[in-house]
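Chains as they are written, first to last, in the UniProt record's numbering: chain L, 1 to 615; chain Z, 1 to 615.
I should point out that these hints are in silico values taken from the structure, not numbers from a laboratory.
Treat the hints loosely; a few may be bogus.
Any copy will do: because identical chains look the same in the list, a pair fits if it lies in one copy or spans two.
[As the list claims (entries may be wrong)] With a straight-line cut-off of 20 Å between C-alpha atoms, the simulated EDC-like cross-links for lysine to aspartate or glutamate are:
hint: 1; residue 1: 498; residue 2: 599
hint: 2; residue 1: 382; residue 2: 170
hint: 3; residue 1: 432; residue 2: 67
hint: 4; residue 1: 523; residue 2: 210
hint: 5; residue 1: 181; residue 2: 339
hint: 6; residue 1: 326; residue 2: 572
hint: 7; residue 1: 297; residue 2: 359
hint: 8; residue 1: 498; residue 2: 608
hint: 9; residue 1: 498; residue 2: 600
hint: 10; residue 1: 228; residue 2: 26
hint: 11; residue 1: 523; residue 2: 258
There are 2 protein chains.
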Amino acid sequence: MSAGINHYKTDLRELFFTLFEQFGFEQVAGQAPFEAWGPDEAKAVLQETYRFSKEVLGPLNSSADREGCRVENGTVLTPKGFKEAWKLLWEQGFKTVGVAADHGGQGSPMMLQVAVEEMLCGANAAFNMYPGLTFGAAELLSECGTADQKKKFVEKLLNGTWGGTMCLTEPHAGSDVGAAKTSARRNPDGTYNIRGTKIFISAGDHDLAENIIHLVLARVEGAAPGTKGLSLFIVPKLRVSADGSSGAANDVALGSIEHKMGINGSATCVINFGENDSCLGELVGGVEHIGMSQMFKMMNGARIAVGIQGLGLASAAYFNALEYAKDRKQGGHFTKWKDPTSPRVPIIQHPDVRRMLLEMKSHVEGIRALIVKLAMHTDKAKQLQGKDDDRAAYHRGQVEVLTPLVKAYGSDQAFRLCAQAIQVYGGAGFIKDYPVEQYCRDSKIFSIYEGTNHIQAMDLVGRKLGMAGGAHFQQFMEDVGGFVEANREHKTFGTEVKALAAAQEGLMSSAMVILGWSQDPAKVSLIPLSANRFLQMMSEVAVGWLLLDAAVLAEKSLEGLSATDPDRTFYEGKKWSALWYARNVLPNVEQAARMMVQEDASPMQIPDAAFAASL
Amino acid sequence: MSAGINHYKTDLRELFFTLFEQFGFEQVAGQAPFEAWGPDEAKAVLQETYRFSKEVLGPLNSSADREGCRVENGTVLTPKGFKEAWKLLWEQGFKTVGVAADHGGQGSPMMLQVAVEEMLCGANAAFNMYPGLTFGAAELLSECGTADQKKKFVEKLLNGTWGGTMCLTEPHAGSDVGAAKTSARRNPDGTYNIRGTKIFISAGDHDLAENIIHLVLARVEGAAPGTKGLSLFIVPKLRVSADGSSGAANDVALGSIEHKMGINGSATCVINFGENDSCLGELVGGVEHIGMSQMFKMMNGARIAVGIQGLGLASAAYFNALEYAKDRKQGGHFTKWKDPTSPRVPIIQHPDVRRMLLEMKSHVEGIRALIVKLAMHTDKAKQLQGKDDDRAAYHRGQVEVLTPLVKAYGSDQAFRLCAQAIQVYGGAGFIKDYPVEQYCRDSKIFSIYEGTNHIQAMDLVGRKLGMAGGAHFQQFMEDVGGFVEANREHKTFGTEVKALAAAQEGLMSSAMVILGWSQDPAKVSLIPLSANRFLQMMSEVAVGWLLLDAAVLAEKSLEGLSATDPDRTFYEGKKWSALWYARNVLPNVEQAARMMVQEDASPMQIPDAAFAASL
């Protein structure tokens with residue numbers, strides 16, 4: 001048991017590089033609506049968040065995992081320390097850094113908010129579910145709610161007085177949200193009677209806030225089947241009166257909580273609405289049948305947030321593994337491994353350990369760059385809206401195509417990298433005394449919730465590729481192409497930039513292959529069969545590009561530094577991240593493109609009964 | 001909680017195919033020393049083992065995970081039900097199927113024993129650690145012990161009266177076994193006083209047997225440093241008198257047990273030997289300083305056993321995921337996904353689910369074939385020894401080269417496939433109500449213990465490739481080549497056989513590349529940097545080959561079957577396993593070969609300090 005010990009660590013220098021050197025925070029900050037923000041303010045927030053993550057959230061991570069949540073008198077009791085952490089988190093404004101001032105936030109660029117979130121998630125992924133869902137509910141209501149709803153709910157959600165949830169999943173409606181059976185019956189006073197059971201509701205009940213505001217997808221009686229017939233309702237656990245105070249119970253009952261592989265500090269609830277037919281809800285925005293599109297406003301943010309969760313844990317796993325590898329002595333140097341009298345060396349000197357660490361480093365930095373880039377596009381779209389609508393549309397388009405990459409690649413790699421961290425530790429990694437086995441367990445859900453990674457892949461291939469006549473994808477490719485053209489003969493990275501160009505060609509040809517399939521009914525099943533592969537290819541091109549972009553910048557910065565400048569090794573590190581990824585990952589994209597043209601449909605051709613003789 | 005519910009399932013038809021149709025059990029059985037065995041006897045054992053796995057071991061798997069082990073009065077108490085299971089296991093002879101009759105076993109070919117083990121491990125990996133270690137200790141003593149030691153210990157180990165362990169690891173001697181500090185001081189009567197602490201000792205203490213026989217690596221005072229100075233000792237928990245009865249305590253104290261990510265029913269112990277300087281041990285075989293080579297006799301078997309553990313869990317995960325996918329309805333058919341009124345279909349109809357299932361199926365079947373093949377070589381080596389020594393040497397050589405593949409590829413894929421099973425389940429897979437999250441947690445240790453997978457890779461690249469002047473590897477390649485030549489123009493699988501040929505070429509060229517590096521001191525670090533990649537390449541060639549071999553057999557068998565024969569779909573399934581693997585995995589081998597010649601040494605070139613600015 002390591003209750004009370006903080007394991008969270010990161011490297012602020014790397015966060016600063018990504019925000020300030022690679023993605024030009026200064027170009028975004030300082031102008032409306034981010035006038036109040038400059039690099040100094042941002043650095044102060046990052047330092048403060050790191051302190052909070054190490055001092056408050058980190059020490060609760062393993063203890064909450066061991067203790068888990070429990071149900072008493074129909075309420076979830078969260079693990080020890082969560083209440084205090086919740087209070088401090090909201091008081092100190094970590095969750096509202098990026099919230100506009102008119103909703104009580106500090107109005108920073110999203111670039112800063114994602115870096116803050118990375119630390120909060122990395123320090124305690126389970127805890128951060130509660131404020132995360134609350135934040136999402138507040139965002140949705142501040143965008144889609146009526147004036148009255150905004151007034152009544154948003155402020156209290158954003159100061160932690162109340163918690164929020166999103167209630168989509170039902171026992172027979174998971175990925176298939178449209179199959180939801182929860183019903184809503186209109187009452188004469190404009191409210192609705194809600195009835196149904198929702199499952200897998202994260203933060204569905206807890207003892208952190210005085211009330212919980214559920215956002216519930218339900219079907220108004222007589223509405224169409226499928227997602228089009230769904231409406232979104234505000235269903236508080238305790239009814240909220242006109243003056244905004246919460247009072248009597250609203251027939252919202254906790255069914256049970258799940259026992260899970262990970263994120264044990266986060267309560268995953270079954271919630272029964274309207275067991276006594278007295279559960280009242282109000283329609284979000286006052287409009288029926290648009291629940292799904294309203295929910296999607298929250299869901300896009302939630303998908304990005306899942307990518308950030310992945311990054312947070314993968315990064316924490318990397319830095320812990322690195323520290324362990326520098327500390328732990330085992331075996332002699334590999335050039336002297338036959339000599340038992342040679343001095344024992346820290347395991348970071350063993351080639352395979354270095355290989356694992358560099359693999360982790362490059363992935364973590366590349367995924368971080370991808371996420372900050374996405375945030376930068378969001379910020380610029382906001383800034384340019386109404387000033388330069390074409391540029392704003394370009395930025396919004398990049399957000400569209402990058403979102404499934406961030407969610408799916410970020411989460412798939414997180415789990416893989418956390419498992420790799422266990423391998424760096426050896427047997428110790430499997431033991432609960434060290435933090436990495438928990439990171440691995442916690443991270444497994446990221447590839448599943450907020451739309452499985454296959455749903456992300458289909459979103460990319462089936463929607464985003466063709467969106468705006470293919471313009472978003474094309475612009476992404478042009479951006480990569482611009483970098484390639486500018487750096488093809490780069491003195492240090494020329495070879496690797498050419499590898500990026502080859503990968504990009506593979507990606508382009510695969511996009512064309514998919515386009516061909518979409519026009520041939522006999523081949524249409526090849527699209528879902530290849531979607532995950534395509535998402536990975538595009539993610540690898542994006543990450544390879546951003547790592548090389550960082551390396552080119554790092555090399556320029558090195559030129560201006562004295563031989564003894566402590567930043568030299570940092571910039572050296574950026575170069576090796578890019579080199580490793582370009583040499584060891586980018587070639588897989590071309591290879592995947594070659595596999596694509598095989599048009600292997602074997603999973604569709606094998607008869608169901610042939611999967612096993614006896615099942 | 002799913003205590004008491006069995007989740008274990010397999011497909012005996014598939015096991016029968018591998019043993020009887022693909023690897024010619026009949027050619028091995030029926031002749032000395034396996035005279036008593038024929039297919040009928042083997043099938044009866046497999047059926048009986050499956051029954052035992054479902055009825056006795058399976059129902060204890062999740063309950064043992066939840067309950068774990070605990071320490072009371074200095075002794076480990078194992079989870080509920082383990083005592084009864086232990087008793088039945090030995091009584092009914094499941095562990096001694098392959099043990100020679102003169103040691104009280106049934107003397108079956110190893111081919112049968114590995115299939116039996118797969119089921120025992122798949123049903124309850126944690127439980128099977130206890131008899132597994134006991135079996136290993138018995139095997140070692142029956143090979144290396146003096147006549148007296150054999151008499152005193154082997155029988156009681158093999159009937160479950162006593163348990164056994166292997167005690168290698170110490171706090172500062174994990175992968176670096178040679179750094180062990182546990183000491184042995186000669187006593188005038190020929191016994192030794194043992195002193196030291198061993199950690200991560202599986203089954204190091206428990207309540208299943210009346211005594212525990214530890215096999216302890218220790219250094220006799222004055223012996224050389226490193227592995228060469230280690231000797232192996234029999235150190236019983238309770239002293240054993242000349243008549244074979246166990247009596248007084250032997251100063252062997254349980255320090256503590258670990259809390260782990262998985263295999264929670266297996267006690268992982270810290271054991272203190274000689275805290276009061278009264279811990280007596282006797283030298284295995286009566287010879288000092290050969291402890292490491294004696295231990296290796298046990299370790300080779302243990303490494304194969306780990307591969308089997310991986311196979312057991314991956315296979316159980318596959319069949320559970322398959323059953324769930326056939327049962328669980330979610331979403332409409334992908335050709336009608338926009339129509340919410342289309343009937344909901346079992347998720348096995350969704351292309352990406354089929355892709356995951358076929359990926360699991362092909363890997364599980366291919367790894368099973370690899371393991372049974374290794375066992376077949378062991379059996380034939382035993383049979384041919386003294387009759388045809390050249391052929392016997394060939395078979396032993398194949399065991400040498402295949403062992404690291406079975407251990408490392410088997411365990412790496414097991415973890416990956418168990419995680420994939422979670423993905424098939426979606427959110428339910430993350431919940432403890434279903435068995436797959438436990439399979440995933442349990443399987444993570446397999447890539448670490450009994451020599452990390454990098455140690456396996458170095459064993460392959462640094463020892464096995466060059467063993468016997470490279471003959472073993474060359475014979476492996478000739479066997480693959482023979483299959484390729486015979487089937488290059490196969491009417492159904494010709495394209496895929498050519499893919500195998502291309503993969504084999506890639507493997508060959510990489511072996512040559514590695515040979516070159518070994519002769520150039522400036523490039524020697526590329527060997528450990530590439531060893532894992534090479535092991536994976538060779539495993540993929542081996543598995544691709546064996547799957548195609550099975551497919552060719554299946555197609556022949558199909559020719560003789562009537563159109564309504566229920567075996568038709570089974571043989572169809574074998575074909576698709578091979579096709580999928582050949583198209584989606586084999587091309588990666590060529591790609592890996594291309595990466596090899598890049599000679600990327602970036603992990604060695606990055607300075608330690610450049611991994612992070614602030615750590």
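Now for the hints, and whether the structure bears them out:
1. Only between protomers do residue 498 and residue 599 lie at most 20 Å apart by alpha-carbon distance; the minimum there is 17 Å, versus 27 Å within a single protomer.
2. Neither within a single protomer nor between protomers do residue 382 and residue 170 lie at most 20 Å apart by alpha-carbon distance, with minima of 35 Å and 59 Å respectively.
3. With identical chains, the CA atoms of residue 432 and residue 67 are at most 20 Å apart both within one copy (13 Å) and between copies (16 Å).
4. In the homo-oligomer, the alpha carbons of residue 523 and residue 210 never lie at most 20 Å apart, since the shortest distance is 54 Å inside one protomer and 65 Å across protomers.
5. Taking identical chains as interchangeable, the C-alpha atoms of residue 181 and residue 339 lie at most 20 Å apart only when they sit on different chains, with a minimum of 17 Å there against 70 Å within one chain.
6. Taking CA atoms no more than 20 Å apart as the test, residue 326 paired with residue 572 passes inside one copy only; the shortest distance there is 18 Å, against 52 Å between copies.
7. Neither within a single protomer nor between protomers do residue 297 and residue 359 lie at most 20 Å apart by alpha-carbon distance, with minima of 34 Å and 35 Å respectively.
8. For the homomeric pair residue 498 and residue 608, neither the shortest alpha-carbon distance inside one copy (44 Å) nor that between copies (28 Å) is at most 20 Å.
9. For the homomeric pair residue 498 and residue 600, the shortest alpha-carbon distance between copies (16 Å) is at most 20 Å, but the shortest distance inside one copy (29 Å) is not.
10. Neither within a single protomer nor between protomers do residue 228 and residue 26 lie at most 20 Å apart by alpha-carbon distance, with minima of 42 Å and 62 Å respectively.
11. Taking CA atoms no more than 20 Å apart as the test, residue 523 paired with residue 258 passes in neither setting, with 40 Å inside one copy and 53 Å between copies.
Hints 2, 4, 7, 8, 10 and 11, counting from the list given before, are not met by this structure.
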